[in-house]
Structures are given as C-alpha cells and as structure tokens.
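**Q** Each chain, letter by letter, is given below.
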Amino acid sequence: MRWIPEYQPDVERVERFNSVARITHWGHTVTFLLCLFTGLILFLGGVDWLAAIFGGYRGAGLVHRIAAVGMTLMLVFGMLFGFKGYIAWVKDIFRFGMNDVKFISIFPLDFFGLEMKFPPQTRFNGGEKMNSVVLMTMVSLLVLSGYIMWFPSIFPAGLVRFSYPVHDLAMIFSTLMVCMHGFLGSFHLGSGESFWGMWKGTVRADWAKHHHAIWYEETYGDKAKAEAE
Amino acid sequence: MARLMTNLYDVSKCTACRGCLVACKDSNQLPAVMEPFKGNYATHEDTNGNTYTLIRFIEHEDPVDGVRWNFLKYQCMHCLDAECMKVCPKKAYRKTEWGATIHDEDKCIGCQYCTYACPFGIPKYRTRTDTVTKCTLCYERVEEGLKPACVRTCPSGALTFGYRDELLQQAEARVKFLRANGFPRATIYGKLELGSGTNKIYVLTDTPDKFNLPVDPKVSANTWVWQDWIKPYAGWLIPVALGASAVSFVTNRLINKGDDHAKGGHE
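These protein sequence lines are chains A and B, in that order.
Numbering-wise (this note's numbering), the first sequence opens with residue 1 and increments by one.
Numbering-wise (this note's numbering), the second sequence opens with residue 1001 and increments by one.
Please note that the accuracy of each hint is not assured.
[What the hints assert, rightly or not] The following label-pair restraints were derived from C-beta to C-beta distances:
1. B:E1035 to A:S19: 53 to 61 Å
2. B:L1242 to A:L144: 25 to 33 Å
3. B:P1036 to A:F96: 54 to 62 Å
4. B:D1130 to A:I87: 40 to 48 Å
5. B:I1255 to A:S19: 31 to 39 Å
Because the hints were derived from the structure by calculation, they are not lab data.
Since the structure is predicted, the reported quantities are computational estimates derived from the model, not experimental observations.
Glycine residues also receive a C-beta, built at the ideal position from the N, C-alpha and C atoms.
Working from the sequences, and respecting the hints, build out all of it.
**A** Next up, the structure:
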C-alpha cells in the first residue's frame, strides 16, 4: 500500500511554491499543532495525560504562548519576505468562479475515490480557495483573540469575554480545515502530489497540467513561454 | 440538600469601619495591599488576589435627597447558580451543601476564565501563587460551627450569619421598616438575582445602581454560547473530519487498485 505518491525527480517538474512560502507553511504547521495540542487540554478538560506531555498545565500554558508567538513571527516573516506571494495568493482566491463552484459541488465524490471530471482550475482549486479563506480568517481571529486573552487587563472586559468563544470557534473551524488539508495534501491519492509542491517546491508538470490547467497554461504554457522570450 | 447558610449584610447598619476587611485578611492570612490615594475613603478600588472583601464608598447627588454617601461591603456573592463553576476547565470550583462557592487553589491553573465570566468580577488572579482567589465564606470556620470572620468581627451588627430562609424573613422585615422610616427605595438584593438568587443577601437603603451593583446581573451571552453550545457540540466537527479522512484513505485505495493517479494523472 502506498501512503503518499512517490517523488519522481526524473520527470519534468514545475515550481509550485518558493522557499518563503514553504518555510512559512511548515512554520505554521509546527506552531499550529503545538498550539492545538496544548490548547485542547483546556478545551476538552480532564485530559491530564495530554498536559503531562508538555510538563503539566503550567508547562502546556508556556508552550502554548511560545508557539503562539512563533506563529505570529511566521506571519510577520511571510509578510516581510513574501508579500508578493501573499498578494498573488489573495488575488487567486478572488478568481472564485463557476469552475470553483462546480469543483466544490462534485468534489465529495472524488474525495471518497470516485473518478470525477473537473473543470479546469486556477493555481488553487475551489476547495483550496475555501481552505485558504477559512484558515486566513480563523488564524487571524485566533491570533487577535489570543493576545486579548493573554493581556486581559489592557482590553475592555466585554472584549475579553467575547474572545473566549471566538478563540474556541476559530480553533474548531481551523482544525477542521487543517485535518482535511493535511489529508488531501498527502495521503489522498489524487491530490497527494501537491505534498511535494510544498516539501520540495516542485510538482510533476503533467500533474500540474491535469489538476491546475489554467494556472499551468498561464505560468508554464506556450503563451507564457512566448511572453518570457 | 442541607439548609442554605447565608451571610446577610444590612447597609443601613454599616459604619464602614472596615473591621470585616481586616478580619478577613487576618483569618485568611493575606498580606496588605497598598493602593495609591484616589481622592476618596476607599482603600481598594476592587477585589484583588490578596483582598477578598472591601468596602466601597459611593457618593452621589440626588436632586431631592441631596448628597448621599453609600457604603457597601463587596465580596463574592456565592451565586446559587455560579458562573465561575461552569466555565472552570479544571473544575476547581465546588458548591458546599450549605451554599458556599469554594475555589480549590490546588486545582487552579490560573487561566482566569472565571474572572471574566463572573457577573460581579470577583475572582482575581494572584501572581504569588499563580492562581485565582476569592472569598471562601470562611467555610472551614463555618463547618467547625463558627461564623465567618467578617461576621464575627462586625461591631455594628450589619453582618449576620445564619440560615438563608430565616435571614430572608429578617431582611424583608428590615426593608419594610426602612421603607417606612425615610428610605422609600430600600430593597433586598440577592434574593432572586441571576434566577436562583445568591447565597449572600444585601439589605440596601436605595436601588442597587446607587451602590454600583448590577441592577439586573446577567450571565453574558458569550459565556453561555461558549459553554452550552460551542464546547459540547461544535468540537465534534473535528473527529468527523478525521473520520471522513480515514474513510477516504481506505475507499481511495480500494477503488483505485491500479496506480493511475500516481503515474500520469487521471488520464
């Protein structure tokens, strides 16, 4: 049984994510998971064994805060060194159209293994666009509400009170998305190649052509090549 | 349920001597907290980690009655339906049989959820122990048959300790007397507040807002949305996502027995 698609260095490959995007992505992965597992201790309640992994409740609180600062730094790092990338990302999200709606509506069947015929997709397909919007919003909410709860004395009490349910809800939606994203970006056979796009930076050209036809044409297609020359 | 034991505080008898504050500090072995002079008689603006009770001094001008100077002993109200208990993730709060809300410092992890859930803003964080603290209604004393330290020390009889039903009757008689003798707006506070009332009864000489008390204390919508809806139900979305992924992992590999995906895409 294959876990993730094999990395094939000998076929034609195209760049999907540059180094800044990749560092930011994996930086967020590590800090998010640390925050998640330390935070779940309070959310679930009664999971002393989880707290013990981080050295008890106080240790978990410390890890949560350190990871939270790390996550904030990752945001700053991405904004500083990859601002253009962020803009391109957001611009692509706003290219949401009928193709994306079609994609999202038939994707559940593909998700469980049926082969579906999808309309051509831009750099990010309908599902990835949805994932991006939800995660961008939820992580921003997590960061904002988190700092409000960390320094409650400098914020109005009503805002602090409001931050608790917001932090929990944003955690739930972002974790939901992270679960799906983590699975689709690795173990899902059809889309698993995208794992190498984020790990090594490149994906197979034929995969890119098949899964992100519009993006491939615009970036690596004949027209783009002609323009570059 | 055992009979509720309550602390009755009669504002009209209070001289603001602050004996209760000192007795509380003494009994609970709390160090003094010096706060800068704020231009009034109050020693403390609010409860803090080392001050479980304090006297508020509230001045207000009334067009009819002229200037009024109100005193109010302020501390945990020991709500019968306590919000701090609901939000505490470590279940550090418990209710004694006779109605006191007790906070167990050994279980507390200092998250301060209770500080912001409390309709009266009572539990406070104490850096020294990295925990939250608040009035205990002197439950160790009460369970040994003694009165709370503040009641024991009160020289003017403003504080009484006893069974809640008896004290409520006493309070009602006192309010009736006050209304007939120059305090027409005298009222009881804590009988029905927050639905089931509090295990601390006030006899006020005026409406609660004249004592900086919330007239209709409410549990914030944020708190119940969070505790009654998000915590028990919304979290299930995550295992659902994980379960769907696991199913997909298996069905993908069952349906696509060949490896067309990995080689050249779907074609």
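**Q** Which of the numbered hints are not met once you compare them with the structure shown?
**A** Checked against the structure, no hint fails, so every one of them is satisfied.
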